[in-house]
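Student: Use the sequences and the hints to build the structure in full.
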Amino acid sequence: MDKKDEKEKIGVYVCHCGTNIAGVINVEEVSTWAAENLKDQGVVISREYKFMCSSLGQELIQKDIKELGLTRVVVAACSPHLHEKTFRNACKGAGLNPYLCELVSIREQDSWVHTDKVAATEKAKAIISGGVSRVVYHEALEPLHVPIHPATLVVGGGIAGIQAALEIADAGFPVYLVEREPSIGGHMAQFDKTFPTLDCSACILTPKMVDAGNHPNITLLTYSEVEKVDGYVGSFVATIRKRARSLREADCTGCGICWEKCPKKVVDDVFEAGMGNRKAIYVPFPQAVPKYPVIDRVNCTYYIKGTCKACEKFCPTNCIDFAQQDEILTVEVGNVILATGWDLFDTRRITQYGYGRLPNVFTSLEFERMSNSAGPTGGNVVLRDGKTEPKVVGIVHCVGSRDKNYNEYCSSICCMQSLKFAHLVKEKTGAEVYNFYIDIRTPAKGYEEFYHRLLEEGTHFIRGKVAEISDATRLPSEEGKLVIQVEDTLTGNQLRVPVDMAILSAGLEPRHDSKALAKLFGISCSADGWLIERHPKLDPIATMTDGIYIAGCVQGPKDIPASVAQGAAAAARVMGKIQQKEIALEPVRATIHEEQCSGCRICNNLCPFNAILFHEDRMVSEVNPALCQGCGTCVAGCPAGAITGTGFSNEQILSQINGLLLLNVPKKQAVAA
Amino acid sequence: MTDTITFGQEISNLLHAAEGEPLKTCIQCGTCSGTCPVAGYMDNSPRQIIALINLGKKEQVLESNTFWYCASCYHCTVRCPQEINITELMYALKRYSIWKNRYKEGLIGPTFSEAFVKMIVRGGRSFEPVLATSYIFSFNTREFVQEIQGATELLLKGRLPLLPARIKRLENFRRMIGRIIPMGGLE
Amino acid sequence: MTDKPETKFEPVIIGFTCNWCSYRAADMAGTARMKYAPNVRLTRLMCSGRLDPTFVFKAFAGGADAVLVSGCHPGDCHYINQNYKAMRRFHLMKRVLVQMGIEPGRLKLLWASAAEGAMFAREVNSFVEEVRALGPLNWNSNHVHTADHVMSVVAEGHEHEAEVAA
Amino acid sequence: MKEFAYFPGCSLEKMASSYHMSAMETTQKLGVKLNELDDWNCCGATTYFYIDELLAYTLCARNLAIAEKTGLDVVAPCSACYKNMFFTAAHLKKDEDLAEHVNFALEEDNLHFSGNVKVKHLIEVFAQDIGPDELKSKVTKPLEGIRIAPYYGCQIIRPQKEKEDVEQPQFFEELISAIGATPINYPLKMRCCGGSLIISSRTAALTMVRNLLQSAVDNQAAVIATACPMCQVNLEVYQQQVNLEFGTNFSVPVMYFTQLIGMALGIPNKKLGIGKEFVAMAPTPLAVETAWGLPRKTK
Amino acid sequence: MSKPKFAMYWAASCGGCEIAVLNIHEKILDVDANFEVVFWPVAMDAKYKDVEAMEDGSITLCLFNGGMRNDENEHVAKLLRKKSQIMVAFGSCACEGCIPGMGNFSNVNQLIDTAFTTLSTDNPQNLRPQTSYEVPEGTLTIPTMNPLLKTLDQVVDVDYYMPGCPPESHQIAAVVELVIAALQGNAQLPPKGATIGAGNSTVCDECTRKRNVKLIKEFSRIQLTHPDPELCLLEQGIPCNGIATRSGCNARCPSVGAQCIGCYGPAEGVVDYGARLISAFASVIDSENPDEIDKILDGLVDPAGQFYRFNLAGSLLRGSKYAKNGA
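Those sequence lines, one after another, are chains G, L, Y, A and R. Counting from 1, position 138 in the first sequence corresponds to residue 138 in this note's numbering; the numbering is continuous, with no gaps. Counting from 1, position 55 in the second sequence corresponds to residue 55 in this note's numbering; the numbering is continuous, with no gaps. Counting from 1, position 120 in the third sequence corresponds to residue 120 in this note's numbering; the numbering is continuous, with no gaps. Counting from 1, position 60 in the fourth sequence corresponds to residue 60 in this note's numbering; the numbering is continuous, with no gaps. Counting from 1, position 110 in the fifth sequence corresponds to residue 110 in this note's numbering; the numbering is continuous, with no gaps.
Please note: incorrect hints may appear among the correct ones.
As the list claims (entries may be wrong) - As a list, the in silico EDC-like pairs of lysine to aspartate or glutamate whose alpha-carbon atoms are at most 20 angstroms apart:
| id | chain 1 | residue 1 | chain 2 | residue 2 |
| --- | --- | --- | --- | --- |
| 1 | R | K49 | R | D71 |
| 2 | L | K168 | A | E36 |
| 3 | Y | K94 | R | D286 |
As the list claims (entries may be wrong) - Label pairs and their in silico Cβ distance ranges:
| id | chain 1 | residue 1 | chain 2 | residue 2 | range |
| --- | --- | --- | --- | --- | --- |
| 4 | G | D326 | A | N185 | 42 to 52 angstroms |
| 5 | R | A187 | G | A140 | 33 to 43 angstroms |
| 6 | R | N126 | Y | T7 | 37 to 47 angstroms |
| 7 | Y | F9 | R | E36 | 53 to 63 angstroms |
| 8 | A | H112 | R | N126 | 36 to 46 angstroms |
What the hints assert, rightly or not - The following residues of chain R were derived to be distant from chain Y, with all beta-carbon distances above 12 angstroms:
| id | residue |
| --- | --- |
| 9 | P4 |
| 10 | G15 |
| 11 | D30 |
| 12 | A33 |
| 13 | W40 |
| 14 | T144 |
| 15 | S255 |
| 16 | E268 |
Everything labelled a hint here was simulated from the structure, so no lab data went into it. In this text, all values refer to a predicted model and were calculated from it rather than measured experimentally. Just so you know, even glycine gets a beta-carbon here, dropped at the ideal spot from N, CA and C.
Tutor: See the structure below:
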């Protein structure tokens, strides 16, 4: 690579890291080598020190910057992921632009992974040579500043979304809470009791729903979906379709006469999990927020046949509006929280468990509705005939979870859910209950105690994954029952357990459309379909896209307390952002040089963040720096070489390759190439 | 560079289509045993066999009748949540046991298998009457009588061959087998 | 050929890693003190999508015996799906390298997540061995007669044309 | 006219000759040509895989290589033969090393297998290549009123090949409906008949046969239909021994599905090999009802 | 005052560049009016020794076309460099190797074998040319082939680059005008090392075809399809090099329905022309499945030929600047 005209003054600092580096690499030799051989590159000083990251080490660099007038700094120490910020700040403190400092790793990638001291020392020289060659082409950069809009978009009105919305609204910032269903509440609204304390789910959830519905800072958009998202952290613009409820909300009192009078019954496979009916005009459940019903146009007689209008006839406030159109809203927000929750694993997929074929096999959600006193059976646990109480009930754990044929992951809530079911069955019917489990996982507060309580209650626990549930009876005692076939793995016995009712504790799955959601918001989702967090341990709330956060089961299976905690945490992160009023972004960005751009449009769809805009009038493309995440794919893809990427420019990388191959070193000194 | 190879590795090496050591991923859930139609007759259930292999209990495994009872129905295999091919494992154990010439006494499986293999090597096709001699003498009297009765009836209905079938290019066929195993080993 | 042990060929390999997964896999190998061959020198890019074929060609032209390209697993890219673009370029690059007389075994694509330090170390070791077996890069003596290949394809194309015309 | 290479397998030579006869007759009637493979050898059954895997693959590969020469897909009527050949073809295609070993041996018979043969079970020819609709259109004597238990057995379905339903497949039922009979739903249709355990572990196998017969009878099956010679022998020939062993009184005819299809196509019984059964099937549906009565519980 | 001196030379090239110069029509008279042509082997008789006799720097403008295939080419290049004030690498061969540069896919022996042993050659004694041969009259010599063809700037210092195979006549006319104006003090010459007679962008800049976001499911060869005359060729799967090729030709090929093959070479600042195309073509393949990607790539019959038809001698992998054993 051609050298630049003006020579830079470069300082090289080699860290011992105690013996972490110096134990394998001859640090003194490396330092001297750099001073001698990288002179032509502009190295004017090369030092080694015990701990470069210590305040003394940093002062050493700062002193040289001031006294020797260094224009570039290369530190050879640990991974940039650990101390890049440290050394950049040190340079900044001495008046050197922080981006003119390069940290190269001779610890994680050299001394810690090699044993041959000579080879490791030579490799360290090459790494430093690469860093020096690269740093010559560094540019002084300034972080980008973007203002933050104070409003927040929360997608999903389950417990996680409600919690997040309330926290932010209570802090005084506006929130748009978007929910696909006619009411907020999510899955939690379907439950009867919640483990391990067995509080009534409605009793603890309803007040929060009402708060969210009445909050002056929360704009509730139910029966609505986000269709498009543009913009970037600080100023997103979301396009929301508010589906027609077919009534004027302003006039509706939620009196309920319309759904009483509606002649059309529909099987409710959302809220009632197919266990009960609703009308064509309906609220999903009595405590729904908002209280207004919707007309389900697919099933409404009027929309099918053109006549009926019973609801309109009886409505006391005359609010029914059959001609109502969907509304398209655009809202501007600074941050987004995604809390769209989960879908239940389709138990029909495991044919040997007989769901859908054998009537008395139930899913967990069906059982939730059945045991709910507001549910289709009035809270009675009965067989599919609607009246017979079971005498023996089998609860199958891990249905669709921990199984490579379906989902490999543990759904994490099923053990506790199954224990809860076992308790409820016993309490309501006195039946014998068998739990078939692979492992009992009760890792949170109060959970193990709940398990002990169940053991004391006399529930049977059989360790073995159920092989099949069938109606193939063999013995008189099995007559008319379902036979659960399983190995009791603790004794090695083959068991055939006859039961009246089997409950499949089905796992949680990502929403069927989670991949579309991820695409819509420009974030990543795993192969399973769970959205990917920025860091699995240290940042489970944020995503790789600035300004977009995730909470609750959209990130992975979790229980109510964890969902609430994540909702609140996401809110805290958003509020922190809003308070900053503006944010600084890393200046690693792509830029298109307009005079070189031919408008060929190769780059246009290389950007998953839609940061590249094509101007039809001028026939050139342009990068929006606030949307650009700095991956550099367009830089590599531009056939005209018209795109440059700051921080990782072609010159920097090509020059670093030269350095790594020691092509910048006088020939006789080139080592072990 | 490991000098010693564990029993689990030995068995894994015999699993032709698998990669790595699939048995290590067993979570001992018991689906295989619960599914197995013959598990009730086995002294160790398939799940227990996997546990024993993972523990390195070679003797106990070889003393077990489990794999000789496997009917190759593959029901466990299609249901295993860890996608372990348990049926192939049973095959592997049979092979291992025959190679080591170690199996539980009183089993018909091993002798029957060897007789079958020899028969094919000789003629290229299966011939039931010869085969019968490999096992019928180990039956108890009642079973023996039943088997002979059944065979007689089959013969009367024209369903038993009287002469062994042979393929045409038998010489080529034998040389072909010779390239896999030296003939002396089996003849 | 009599190779003395002390003259064992030590290949120089340039590696390109992405900032989020594969570089962190290398970090992870370090933190866990896993040992691997010192022949690979890494360059960090923000994403494997940044990988410009120029970099690879530059490394070969500058004397590297092999090039390692590493990124997040497909589906796990921190920039959504940019690693797929790297994969596509990798496939085309490989074809061009062969025509340029460079053995395809000198360019390796490795998907590594931040947790796969051990895998990273293992793969580096096996790659170094593979390259060692190939020997030093000396592509001027490896002229491939691409003409033959191309002519045969062209001939095929003409036959096809004839069919279309008929 | 569809054409296949046909690998009958050892059983069909004598023990299951009626399967062979009915297969040839029915396919011919339905416009499918089966060309018996030249000089085929035993597929090795399950037994070979017990002793030497490589040898087992070689045996199957020899047949596959012979089939490959004909350029036709190969059809096996026996489930074990089918499974062995299907997976041999799949493994050899995937594993070059294995293919090299096997082809080295095949050289002795001037053969080479390059992986270009698709292996089908005979019943797949009926279910997929002919199809129930086509079959239905050719039926002249529908078996109306006969309740047939489709018995899938093991190795047609298992192990899983792609992502097909291995627990509740329906194609056998569809074929039975196509010939005008009533397919019955019984829980053990996918369960094992015991296979070669009938020799090596007699009690276990007889119990399995007993359970299967019981399940079919409990669901009022007049006939059990099979697609495998091994299953047929275990379920039919060993019925007497089951009765002796367990004190039961089973007398259920077990027919090859091709025989039943042949009856519906109006092919004379003799050509279908009917008459070699241990338990004869009644000549008319009415007779089925009276001869065995419904339901027929034992014990 | 005598007229400024003009020279033009052809090294490894086809002569098309000379024709392009003559093709500037009446402007050629301006050349004659303003310059004294001292050396132009195609147009007039001249001897090397005449050039050798000239004073260093006495030629004002030298248009040098052709690549450095043998030692004679190099010798003349060095000679003319010494004698010329302005040395222009004229045409694709001098700039980046062009078609003769494709010889760099093979080594010298392979090239000679191809030339002397293929079916179309009548060579029953299997003779090969020798660089020197003794005859009674003395030693006969012919130039020695270079292991790799080099571009002009790999041998001598070049002042300006003028790309194209051949350079477009309207561009040549413009350059001639500019040089004349500069000599008369009416214009300024561009900085040394600049590319002259071409645009700053790529062919797409001058192409009038409609273009959209690109997603390629299949590459096809132009003779096998009927491309839409209005739409970008690359979008239709036709491997058009226009996206990466320097503008200046007025999109001559795409405008008549043929794909750009890249004779104007890389855009400003590009290190390796082929790499740009590899990256761009591959980036817009519409598949995430490795097998499917391979299938799509099968449509590119000869990728290296596609990407390096003109640039091989200037490329990273087959340019003698980089090839270790090349020079």
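Student: Compare the structure with each hint and give your call.
Tutor: Against the structure, the hints:
no.: 1; hint: R:K49 <-> R:D71; in the structure: holds (17 angstroms)
no.: 2; hint: L:K168 <-> A:E36; in the structure: holds (14 angstroms)
no.: 3; hint: Y:K94 <-> R:D286; in the structure: holds (18 angstroms)
no.: 4; hint: G:D326 <-> A:N185: 42 to 52 angstroms; in the structure: holds (46 angstroms)
no.: 5; hint: R:A187 <-> G:A140: 33 to 43 angstroms; in the structure: holds (37 angstroms)
no.: 6; hint: R:N126 <-> Y:T7: 37 to 47 angstroms; in the structure: holds (40 angstroms)
no.: 7; hint: Y:F9 <-> R:E36: 53 to 63 angstroms; in the structure: holds (60 angstroms)
no.: 8; hint: A:H112 <-> R:N126: 36 to 46 angstroms; in the structure: holds (39 angstroms)
no.: 9; hint: P4; in the structure: holds (40 angstroms)
no.: 10; hint: G15; in the structure: holds (24 angstroms)
no.: 11; hint: D30; in the structure: holds (41 angstroms)
no.: 12; hint: A33; in the structure: holds (45 angstroms)
no.: 13; hint: W40; in the structure: holds (35 angstroms)
no.: 14; hint: T144; in the structure: holds (17 angstroms)
no.: 15; hint: S255; in the structure: holds (25 angstroms)
no.: 16; hint: E268; in the structure: holds (15 angstroms)
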